[in-house]
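Engineer: Under the working numbering, the sequence shown has 228 at position 228, and the numbering climbs by one with no breaks.
Derived from the structure by calculation, the hints contain no laboratory data. Since this is a predicted model, take the numbers as computed values, not measurements. Some clues are possibly wrong.
In silico DSS-like links for lysine-lysine, alpha-carbon gap of 25 Å or less [stated by the list, open to error]: (1) 195 with 242; (2) 219 with 169; (3) 220 with 168; (4) 195 with 169; (5) 197 with 159; (6) 168 with 218; (7) 197 with 218; (8) 159 with 220; (9) 195 with 168; (10) 197 with 242; (11) 159 with 218; (12) 159 with 219; (13) 169 with 220; (14) 168 with 197; (15) 159 with 169; (16) 218 with 242; (17) 84 with 168.
Computed Cβ-Cβ distance ranges for the label pairs, DEER-style [stated by the list, open to error]: (18) 91 with 28: 46 to 56 Å; (19) 106 with 246: 26 to 36 Å; (20) 200 with 96: 45 to 55 Å; (21) 49 with 82: 46 to 56 Å; (22) 47 with 162: 43 to 53 Å; (23) 236 with 43: 54 to 64 Å; (24) 68 with 162: 21 to 31 Å; (25) 248 with 106: 26 to 36 Å; (26) 107 with 36: 14 to 24 Å; (27) 28 with 152: 13 to 23 Å.
Quick reminder that beta carbons are idealized off the backbone N, C-alpha and C, glycines included.
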Amino acid sequence: MIKRFSAVTAVVLFAVCSVFAFQFSPLEQTFSPTGADSQKTFTIVNDSNDSIAVVITALVRDQSETGEELNTDASRYFSISPSKVVVPANSSQYVRVQYRGPSTVTSELSFRLRAEQVNYSLGRQESQQNMFNFLYIYTTAVYVAPAQVVSRLDITSLKPVIDEEGNKKMEVTMVNSGNVHQVTIGMSVTITDPKGKQITLSGTDQLPGVAGINILAKKKLVVLIPWPEELEFPEDLSGSYKAAISFE
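Sequences are here, hints too, so could you generate the full structure?
Structural biologist: Right under this line is the structure:
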């Protein structure tokens with residue numbers, strides 16, 4: 001079954017219970033396939049005045065062409081100790097995670113580690129009615145690194161299109177042909193139209209859905225952005241546009 005999660009999520013459940021809170025860190029770790037770095041430690045901090053119960057699971061992290069994250073079970077890749085734990089009030093708990101997947105990794109493997117708070121009453125009588133119970137879920141980024149890193153990100157296609165609402169758009173196709181994830185922070189795109197005119201776009205205002213995102217290794221992303229005002233929108237939508245990427 002495919003599951004979809006954001007990086008850090010607070011889930012609000014209607015329940016008869018008190019409000020608890022916890023922290024799970026770090027939010028990103030990179031493992032090696034073998035050796036000492038194939039094991040990492042995470043920390044649960046319970047900063048509330050009540051004991052809480054937390055369940056930790058591993059998820060494979062995939063990415064669709066529209067940028068949607070897809071998650072499936074990754075229990076065969078990791079051993080987690082403890083995977084279920086009750087953390088006393090105002091205390092912390094270490095969680096040791098060991099990578100158990102293939103020892104040869106040529107392209108970075110991407111995962112999520114999910115720490116989910118579950119209901120835990122410790123036998124208390126629940127008398128409050130119509131209360132909201134905030135059960136927190138943290139999903140951290142976990143990578144297993146290849147021995148040799150190759151970074152390469154290209155825009156392979158730029159097309160003028162008109163969306164379903166009649167708006168003029170530019171369809172941008174990006175391909176991460178490297179073997180590690182690429183975060184597009186500080187990225188600029190120089191576009192050349194069929195007549196040779198060049199403009200440069202940068203930032204999330206000019207490149208919404210393109211700038212500041214994380215493209216996983218070997219993945220393709222197709223995004224529609226507003227047509228740049230500096231370029232004439234063509235009558236012939238088959239025109240050839242070129243793009244070059246640069247980073248600050």
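Engineer: None of the hints should be skipped; say for each whether it holds.
Structural biologist: Each hint tested on the structure:
no.: 1; hint: 195 with 242; verdict: 11 Å, holds
no.: 2; hint: 219 with 169; verdict: 22 Å, holds
no.: 3; hint: 220 with 168; verdict: 23 Å, holds
no.: 4; hint: 195 with 169; verdict: 19 Å, holds
no.: 5; hint: 197 with 159; verdict: 15 Å, holds
no.: 6; hint: 168 with 218; verdict: 29 Å, violated
no.: 7; hint: 197 with 218; verdict: 31 Å, violated
no.: 8; hint: 159 with 220; verdict: 16 Å, holds
no.: 9; hint: 195 with 168; verdict: 19 Å, holds
no.: 10; hint: 197 with 242; verdict: 10 Å, holds
no.: 11; hint: 159 with 218; verdict: 22 Å, holds
no.: 12; hint: 159 with 219; verdict: 19 Å, holds
no.: 13; hint: 169 with 220; verdict: 19 Å, holds
no.: 14; hint: 168 with 197; verdict: 19 Å, holds
no.: 15; hint: 159 with 169; verdict: 8 Å, holds
no.: 16; hint: 218 with 242; verdict: 21 Å, holds
no.: 17; hint: 84 with 168; verdict: 51 Å, violated
no.: 18; hint: 91 with 28: 46 to 56 Å; verdict: 24 Å, violated
no.: 19; hint: 106 with 246: 26 to 36 Å; verdict: 28 Å, holds
no.: 20; hint: 200 with 96: 45 to 55 Å; verdict: 47 Å, holds
no.: 21; hint: 49 with 82: 46 to 56 Å; verdict: 22 Å, violated
no.: 22; hint: 47 with 162: 43 to 53 Å; verdict: 52 Å, holds
no.: 23; hint: 236 with 43: 54 to 64 Å; verdict: 58 Å, holds
no.: 24; hint: 68 with 162: 21 to 31 Å; verdict: 23 Å, holds
no.: 25; hint: 248 with 106: 26 to 36 Å; verdict: 30 Å, holds
no.: 26; hint: 107 with 36: 14 to 24 Å; verdict: 22 Å, holds
no.: 27; hint: 28 with 152: 13 to 23 Å; verdict: 22 Å, holds
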